[in-house]
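Chain residues, written in single-letter form:
There are 2 protein chains.
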Amino acid sequence: MMMIRTLLAVAMVSLLAACTTIPDVPPGTAVPIQIKEQGSFAAGGTMTTAPGAFDPRKPMAPDGQTYHGDHAYAFYQIPVNVRKMPIVMWHGAGQFSKTWETTADGREGFQNIFLRRRFGVYLIDQPRRGNAGRSMVAATITPTPDEQLWFNQFRIGLWPNYFEGVQFAQDAQTRNQFFRSMTPNTGPFDMAVLSDAVAAVFDRTGPGILFTHSQGGGPGWLTAIKNAKVKAIVAFEPGSSFIFPEGEVPAPIPSAFDTVQGAAVPMAQFMALTRIPILVLYGDNIPAQAVDLPAQDSWRARLAMARLWRETVNKHGGDVTLVHLPELGIKGNTHFLMSDMNNVKIADLVAKFLADKGLD
Amino acid sequence: MMMIRTLLAVAMVSLLAACTTIPDVPPGTAVPIQIKEQGSFAAGGTMTTAPGAFDPRKPMAPDGQTYHGDHAYAFYQIPVNVRKMPIVMWHGAGQFSKTWETTADGREGFQNIFLRRRFGVYLIDQPRRGNAGRSMVAATITPTPDEQLWFNQFRIGLWPNYFEGVQFAQDAQTRNQFFRSMTPNTGPFDMAVLSDAVAAVFDRTGPGILFTHSQGGGPGWLTAIKNAKVKAIVAFEPGSSFIFPEGEVPAPIPSAFDTVQGAAVPMAQFMALTRIPILVLYGDNIPAQAVDLPAQDSWRARLAMARLWRETVNKHGGDVTLVHLPELGIKGNTHFLMSDMNNVKIADLVAKFLADKGLD
Chain A
1 MMMIRTLLAV AMVSLLAACT TIPDVPPGTA VPIQIKEQGS FAAGGTMTTA
51 PGAFDPRKPM APDGQTYHGD HAYAFYQIPV NVRKMPIVMW HGAGQFSKTW
101 ETTADGREGF QNIFLRRRFG VYLIDQPRRG NAGRSMVAAT ITPTPDEQLW
151 FNQFRIGLWP NYFEGVQFAQ DAQTRNQFFR SMTPNTGPFD MAVLSDAVAA
201 VFDRTGPGIL FTHSQGGGPG WLTAIKNAKV KAIVAFEPGS SFIFPEGEVP
251 APIPSAFDTV QGAAVPMAQF MALTRIPILV LYGDNIPAQA VDLPAQDSWR
301 ARLAMARLWR ETVNKHGGDV TLVHLPELGI KGNTHFLMSD MNNVKIADLV
351 AKFLADKGLD
Chain B
361 MMMIRTLLAV AMVSLLAACT TIPDVPPGTA VPIQIKEQGS FAAGGTMTTA
411 PGAFDPRKPM APDGQTYHGD HAYAFYQIPV NVRKMPIVMW HGAGQFSKTW
461 ETTADGREGF QNIFLRRRFG VYLIDQPRRG NAGRSMVAAT ITPTPDEQLW
511 FNQFRIGLWP NYFEGVQFAQ DAQTRNQFFR SMTPNTGPFD MAVLSDAVAA
561 VFDRTGPGIL FTHSQGGGPG WLTAIKNAKV KAIVAFEPGS SFIFPEGEVP
611 APIPSAFDTV QGAAVPMAQF MALTRIPILV LYGDNIPAQA VDLPAQDSWR
661 ARLAMARLWR ETVNKHGGDV TLVHLPELGI KGNTHFLMSD MNNVKIADLV
711 AKFLADKGLD
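From first to last, the protein sequence lines stand for chains A and B.
Numbered by the numbering used here, the letters in the first sequence go through residues 1 to 360 in order.
Numbered by the numbering used here, the letters in the second sequence go through residues 361 to 720 in order.
The shape of chain A in the complex, shown without the other chains (with noise of 0.2 Å):
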């Protein structure tokens, strides 16, 4: 009778086990993500109310009215088993938290991929975009073509050919559905207000890793400096807004496309950004020297003020790495590493990153 109860209990502990624990799965198995909690939520932002006295006859009149707007807008999703600290993906111009979601050609992007890897994830649209669309400054969208500009801006070729080699999938669907995964600015962009609300994010999720990708890298290091729940920083192309001390700004790069500058903030705001590890990734087709071509210059000229900014926060005592991925031999990544064809690799570099700075 002893051996019948300790054969039980051995087969029901292991299958306990099974339900209840979801080891690291590939992307795109059978295997489904057991989801503990999920929900969304609006965090941040502010509001005003029009002088007056508002009248329930008078509906349209905005007297005495309120308005509430510029927080982001976070879709969260935590796994059984889920690992200590989630991570907060923010998406970059002109997009909103589908850079995190099924890529163009049909793949489980990062969002699921982190998932099944057992992380919290906390897909956020930024104030003025997308679900966060309540903007407390006014706007005009017009629906100006620009597919071009940014089919190159995006590395993925020099329209209307695809880069040799390129990480991207060269068919109709696919194009038709990376167009129509981005969304307008409904008002200015604002770094400020940006960093607010995602500094308001953490405050949710408590501490935390943040993805973020191209103009999000800008806010993003703001975000950082304004709250300390940021732990960690994966910053993938970030465009711009590189912050210095003040006094450590380098000198502008111009490119034939614009002229990157460095910001400036107090050397203790800046100090923030060497109190956590920070991951720093670039794609291929950058080139090496100045070409007359607006979109590969403009990212000849961030790459190099990429390293000028990893200098400067190293030598203040940071952490920051910075992965050229051709000189890994990973080749024919667009701006977009976390949706290209080889995006589980990307996804792995991450992974061991976190795990080596002992986040996950």
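No lab work stands behind these hints, which were simulated from the structure alone.
Treat the hints with care, since some could be wrong.
With a straight-line Cα cutoff of 20 Å, these simulated EDC-like cross-link-like pairs (lysine to aspartate or glutamate) come out [to be verified]:
| # | chain 1 | residue 1 | chain 2 | residue 2 |
| --- | --- | --- | --- | --- |
| 1 | B | K396 | B | D720 |
| 2 | A | K331 | A | D284 |
| 3 | B | K418 | A | E246 |
| 4 | A | K58 | B | D618 |
| 5 | A | K58 | B | E507 |
| 6 | A | K331 | A | D105 |
| 7 | A | K58 | B | D506 |
| 8 | A | K36 | B | E397 |
| 9 | B | K418 | A | E37 |
| 10 | B | K418 | A | D258 |
| 11 | A | K331 | A | D360 |
| 12 | B | K396 | A | E37 |
| 13 | A | K58 | B | D652 |
| 14 | B | K418 | A | E248 |
| 15 | B | K691 | B | D716 |
| 16 | A | K84 | A | D348 |
| 17 | A | K58 | B | D657 |
| 18 | B | K691 | B | D679 |
| 19 | B | K589 | B | D720 |
| 20 | A | K226 | A | E246 |
| 21 | B | K418 | A | D105 |
Here the structure of chain A is known, so what remains is to put chain B in place on it, guided by the hints.
For chain B alone, kept in the frame of chain A given last:
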């Protein structure tokens, strides 16, 4: 030894069943939601090309560039052991997918509730709203204070007072989240554009059930006319756009807010609405007689038109069930039945309808 094997087999089978089958569970429990697949996509929409030739050295000029817009955006989740038909959930005026997510007071919304009941769930943002913001038509967005209008119009109360027994939490944090669950139109409201895009969503989902809220009701009827894959509609407080056969449009119904008018379509189109089961639900605090408060009176007129519409559809062989919840003794519901404090009871009522119609 036989007994041991039997005991072990029984234990393993019951535990494996616990692993692989999710029973219907109440929301907010600790039971994980097992997601077999989740992701997002754009559906439908159009595109335009600017005249001229694209010059990569002048990327800011629209010449020869394309612009994709007027698609819908959908985020979907398919649970394990999924039921036959998924549910596509469509928000109302000023809202987005948030309508179906976490409630303003932090409980589970219909997204989670119906996932737990093993339905596939697709949350959409209609064209020119939220994550589907890329509009083919320009718009100016002005931050006009309007929240007391919505507080009244959504029948939470008569600002600043709440209706007695209202199914809406009365704390400041809930109000804050509720007001921040709005996002503006990024282009004109156009029922043809909206229904084209959501019909394309159903081409992707296959045969399914459409939930509409408020202003989504009108384009929802058009979607069912355009795509026979819409196999049922549950309309939560549909607004003013009821669709009648030509020659059978009833007299307009004036209210203290606006005049509710039916729209006409050819009989052949109208008949599509007679071929699917439809459930229409309205909440509490809708006056039976005309009152001079626009918010209340608008719903008296809408409910009256909904009843005329039900009679017309059913007269032509349709299957419309209209439920005014107070008649069932369900009290205090606002315009947001799906997120009210009794939303599990509302979900039960909807689930029973789907079961009665053989749709689960």
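Consistency of the hints with the structure:
1. K396/B x D720/B: Cα-Cα ~18 Å, so holds.
2. K331/A x D284/A: The hint holds at about 6 Å.
3. K418/B x E246/A: Cα-Cα ~35 Å, so violated.
4. K58/A x D618/B: Answer holds: K58/A to D618/B is near 12 Å, not above 20 Å.
5. K58/A x E507/B: Holds: K58/A and E507/B sit about 13 Å apart, inside 20 Å.
6. K331/A x D105/A: Cα-Cα ~19 Å, so holds.
7. K58/A x D506/B: Since the Cα atoms of K58/A and D506/B sit roughly 11 Å apart, the hinted pair holds (cutoff 20 Å).
8. K36/A x E397/B: holds (16 Å)
9. K418/B x E37/A: violated (48 Å)
10. K418/B x D258/A: holds (12 Å)
11. K331/A x D360/A: violated (27 Å)
12. K396/B x E37/A: holds (16 Å)
13. K58/A x D652/B: holds (11 Å)
14. K418/B x E248/A: violated (33 Å)
15. K691/B x D716/B: Between K691/B and D716/B the Cα gap is close to 24 Å, so the pair fails against 20 Å, i.e. violated.
16. K84/A x D348/A: Given that 20 Å is the threshold and the Cα spacing comes to 18 Å, the pair holds.
17. K58/A x D657/B: holds (13 Å)
18. K691/B x D679/B: violated (25 Å)
19. K589/B x D720/B: Holds, at about 15 Å.
20. K226/A x E246/A: Distance ~17 Å between K226/A and E246/A Cα, so the pair holds.
21. K418/B x D105/A: violated (29 Å)
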